[in-house]
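Novice: Required output: the full structure, derived from the provided sequences and hints.
Order-wise, the sequence lines are chains A and B.
Our numbering puts the first residue of the first sequence at 1, with every later residue one more than the last.
Our numbering puts the first residue of the second sequence at 1, with every later residue one more than the last.
Do not take every clue at face value.
Not the full set, but computed from the structure, chain B residues with beta-carbon under 7 Å of chain A [claimed, not checked]: (1) 248; (2) 249; (3) 342; (4) 397; (5) 407.
The calculated lysine-lysine pairs, modelled on BS3-like cross-linking and capped at a C-alpha distance of 25 Å, are [to be verified]: (6) A:563 x B:230; (7) A:153 x A:572; (8) B:312 x A:563; (9) A:572 x B:312; (10) B:230 x A:572; (11) B:312 x A:574.
It should be emphasised that the hints constitute simulated quantities derived from the structure, not laboratory data.
Positions of the beta carbon are idealized from the N, C-alpha and C atoms, including for glycine.
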Amino acid sequence: MARTALQPHATPPDLIRNFCIIAHIDHGKSTLADRMLQITGVVDGRDMRAQYLDKMDIERERGITIKSQAVRMPWELDGTTYALNMIDTPGHVDFTYEVSRSLAACEGAVLLVDAAQGIEAQTLANLYLAMENDLAIIPVLNKIDLPAAQPEKFAEELAGLIGCEPEDCLRVSGKTGVGVEPLLNEIVTQLPPPTGDADAPARAMIFDSVYDTYRGVVTYVRVIDGNLNPREKIAMMSTRATHELLEIGVSSPEPTPAKGLGVGEVGYLITGVKDVRQSKVGDTVTNAAKPAKEALGGYRDPKPMVFSGLYPIDGSDYPDLRDALDKLKLNDAALVYEPETSAALGFGFRIGFLGMLHLEIVRERLEREFDLDLISTLPNVVYDVTMDDGKVLTVTNPSEFPYGKVSSVTEPVVRATVLAPSEFIGAIMELCQQKRGTLRGMDYLSEERVEMRYTLPLAEIVFDFFDQLKSRTRGYASLDYEPDGDQVADLVKVDIMLQGETVDAFSSIVHKDKAYAYGVMMAGKLKELIPRQQFEVPIQAAIGSRIIARENIRAIRKDVLAKCYGGDISRKRKLLEKQKAGKKRMKNIGSVEVPPEAFIAALSNDAVTKK
Amino acid sequence: MPSALPDGDPAPSDGRLPQASLETLGHHQFGLYLHVPFCSVRCGYCDFNTYTLTELGVDGASVATFAAAALRELALARTVLGAAPVVDTVFVGGGTPTMLAAGDLARMLHGIREGFGLAPDAEVTTEANPDSVTPEGLAVLAEAGFTRVSLGMQSAVPHVLRTLERTHDPDNVERAVRAARAAGLQVSLDLIYGTPGESLDDWRTSLDAATSLAPDHVSAYALVVEDGTKLAAQVRRGQVPAPEDDDEAAKYEIADDHLASAGYGWYEVSNWALRDDARCRHNEGYWADGNWWGIGPGAHSHVGGVRWWNVKHPNAYAARVGEGLSPAHGRETLTDEQRYDERVLLAVRLVDGLPIGDLRDEGRVAVAGLIADGLVDATAALRRQRVVLTRQGRLLTDTVVRRLLGLR
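Specialist: Here's what the structure looks like:
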């Protein structure tokens, strides 16, 4: 532990080390981070909360980090005190862009791998990103206290990947603290200090931006050139918007105001803005009075990749859903939405997400933090539809997919990387084939582990690829993907009709070869889920006017309770009272009553996967 | 396992009832139900509150002491109800009431007569297992004042009885009917349809067998797989197919045709009588807002809009009444809304139906649609201003009730 910490603004770049930890979801990153906070003395044992850095409940429960933060820790080596900035990175594929910005704020990365599991696809992808950014990499095997740990084996794997010797891999246990001090020492010795022009106009890169109910938006930055000081006027270079700097400081790990931030330093800014969209990840902050000429590279707007309709089960909750989305948006620059009306589901919103985890998190937050009961439609990707007359339509909702006179349709594709034990190569190839994938390459990481690279339509990944991959590889395979442009594909819209009436919520855009299977699956599913009505209800799947699958829900013939004596009367009445309470939740498709549970079950990916 | 009791409010330990409820006593039929919670074996489909002797244990309530416990609750009823209403109907059910000695049943009826007085034309029924009745026992019952016996025939087809785990020999039904007749008792037969493995012809066989005995009354119930029963476990494990609504609907129609051609008229969804005066008046009380007191473990009662139910276990029951406390486990005081709902759901089950004028607006509005859908009899609605169910309507009573209550 260092005796005295260096003061921000007055820390020479030579004494600063900026690093992040690259790890897979459950490989122990947060536990290691907690241990570092404790060993460097910035958090004492009493205040220690498990996984200190993950602030949101959902994050802590799932053991994953969604939003990154940066913590400044003092560390002494050979009599010199250094300031270590640990920049926590999100660990999921949906947040690749945010990861890339976090990496850009660092000079080095700790590559943390579970010594019992080896490296996962996600980690590999982030490692590539880090190496492309010329970051120094410190390979570390974690959880060496586990009986199942095989540090020798996985040290070989890591050495093969990054081109070092197996013995260069450090061995730690975030849980017990073993090896964490040597790791801190290595961070000081192996990572280069930041460089920058202290006299140039200020340039700082935003790598995270978080909404706080009390303080407004808290913006995390890494200063590249010059310096930022309290009460200056700052400017955002992408929008030219200017703000008063109300507070500037560092997290250690609670926010601590400072006299400013100099070259190479990492800290936070508070300007009083209320919406993270005014402080975008990747943007460059400069001094409004003495602005830099050029922004730092790499900025881009978040682009939603997956869309889904969200509807309140109880239609009267619609205004609450709108308010909730407005609030979530403050903290989520990637969240986009617009009102949408579904004949089947009523009023709701079409929402764009970065990916499937982002979708799940948003839905869960809406349900948990805002107490809303929601139905979400099957997620879909964005299609560009070129009409015969040359007009191009962008379709984010399958029900808007045009009929006829379509000359071509393009869909987004991704470059996917799958890591798995080599025994599953056949199973993975078969799956990727079914999912319209093209093999781009394959490498052995070791004798038993293989990396397979595919181009896949994003729509297939969004559908059920990951679940299938997991089930076909007994959970061993890991997946990473990144957008890789568009491709023209033979896509059609399959509509589902109840009693001849199209149920917009069930329309789906699928590849022509899969339309039949989708129609049969959905019609069969609905037959199971929709209770029998007093009349026969035909369920049809159709492409345009062509029926491709058909099921019938036979009319109900009997629902009477045979015995209605003494105690049966109360029971029956209570049942009716329950039905009264549930009545307003019923959705009507024409004259067919569909309980919301049927929509939820029919629209869940679970229902799709089980088939 | 017996089914669970409903949720309700706690019942006062002395069983006291609000004055408003008591005031209804003179204005409605008053019945006593006596629940005998014993069986020699438990049938696989049964979720009634009944126990075999081995389940109760040696120190538990026994068949011999049960009559005494029931008489104690009878005394409590007498105190709570104050000026004792004359009893119009008595129904002894179970379990297997004939597990009790005929003398015990007679003693309890005597207790009722002593405590309350029995109307001169009182209907006094006991359920009975065809295997456990004897001509002598039936004679004792008739002598004591019983007027009617309801025999659990269920089916005349051996493999169906086996699936139901009924132990009786089909020939015993005929013997029991003859013996009851000889003793001067009216006879009702209970049938069950929809048992897994029962064909339509099997069901016709059972109906033939029942009507050939010319009982005064027939009840026919669709088999319901109740949670917690052995049958439910067998269905869950796939050892036995689940009963199907469509099959049961077909069998209901067969029963209704068959019974009608044998001279039986339906007067409630599951009940048919050879003559109007052969209807079960006790059960009619349940459907026509009558008052009744249910004596015995798990028995339900209703007096003037208050419903309550006793603790289920015979040992707990014996302990409560032994201490002079009400054995009631929970009760509910119905709101006007709840009483209306109950009235609609019960009255439509009856051949006389429900006066349209008694319906609220949403119910009156629904009648035309119900006629159009063939669920409500047009003639009864137009000529008599009553909602009377067609046969299709009887099969879809739940739908009709929901629509009359504005639930769709």
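Novice: With a cut-off of 7 Å, does the beta carbon of residue 397 (chain B) approach a beta carbon of chain A closely enough for the hint to hold?
Specialist: holds (4 Å)
Novice: Compare the distance between the alpha carbons of residue 230 (chain B) and residue 572 (chain A) with 25 Å, and conclude whether the hinted pair is satisfied.
Specialist: Since the Cα atoms of residue 230 (chain B) and residue 572 (chain A) sit roughly 23 Å apart, the hinted pair holds (cutoff 25 Å).
Novice: Given the hint that residue 153 (chain A) pairs with residue 572 (chain A), does the C-alpha gap stay at or below 25 Å?
Specialist: violated (65 Å)
Novice: Does the interface hint hold: is residue 249 (chain B) within less than 7 Å of chain A, judged Cβ to Cβ?
Specialist: Check passed: Cβ of residue 249 (chain B) comes within 4 Å of chain A, closer than 7 Å.
Novice: Measure nothing beyond the straight line between the CA atoms of residue 572 (chain A) and residue 312 (chain B); if it is 25 Å or shorter, mark the hint as holding.
Specialist: holds (19 Å)
Novice: Please verify whether residue 312 (chain B) and residue 563 (chain A) have alpha carbons no more than 25 Å apart.
Specialist: holds (20 Å)
Novice: Going straight from one Cα to the other, do residue 563 (chain A) and residue 230 (chain B) come out at no more than 25 Å?
Specialist: holds (20 Å)
Novice: Against chain A, with CB atoms and a cut of 7 Å, does the hint on residue 407 (chain B) hold up?
Specialist: holds (6 Å)
Novice: Does the structure keep residue 312 (chain B) and residue 574 (chain A) at a Cα separation of 25 Å or less?
Specialist: This hinted pair holds, its Cα atoms lying about 20 Å apart.
Novice: Would you settle whether the hint for residue 248 (chain B) is holds or violated, based on the nearest Cβ-Cβ distance to chain A being less than 7 Å?
Specialist: holds (6 Å)
Novice: Is the interface hint for residue 342 (chain B) satisfied, with its Cβ closer than 7 Å to some Cβ of chain A?
Specialist: Status holds, d = 5 Å.
In summary, the structure is inconsistent with hint 7 from the numbered list given earlier, while agreeing with all the others.
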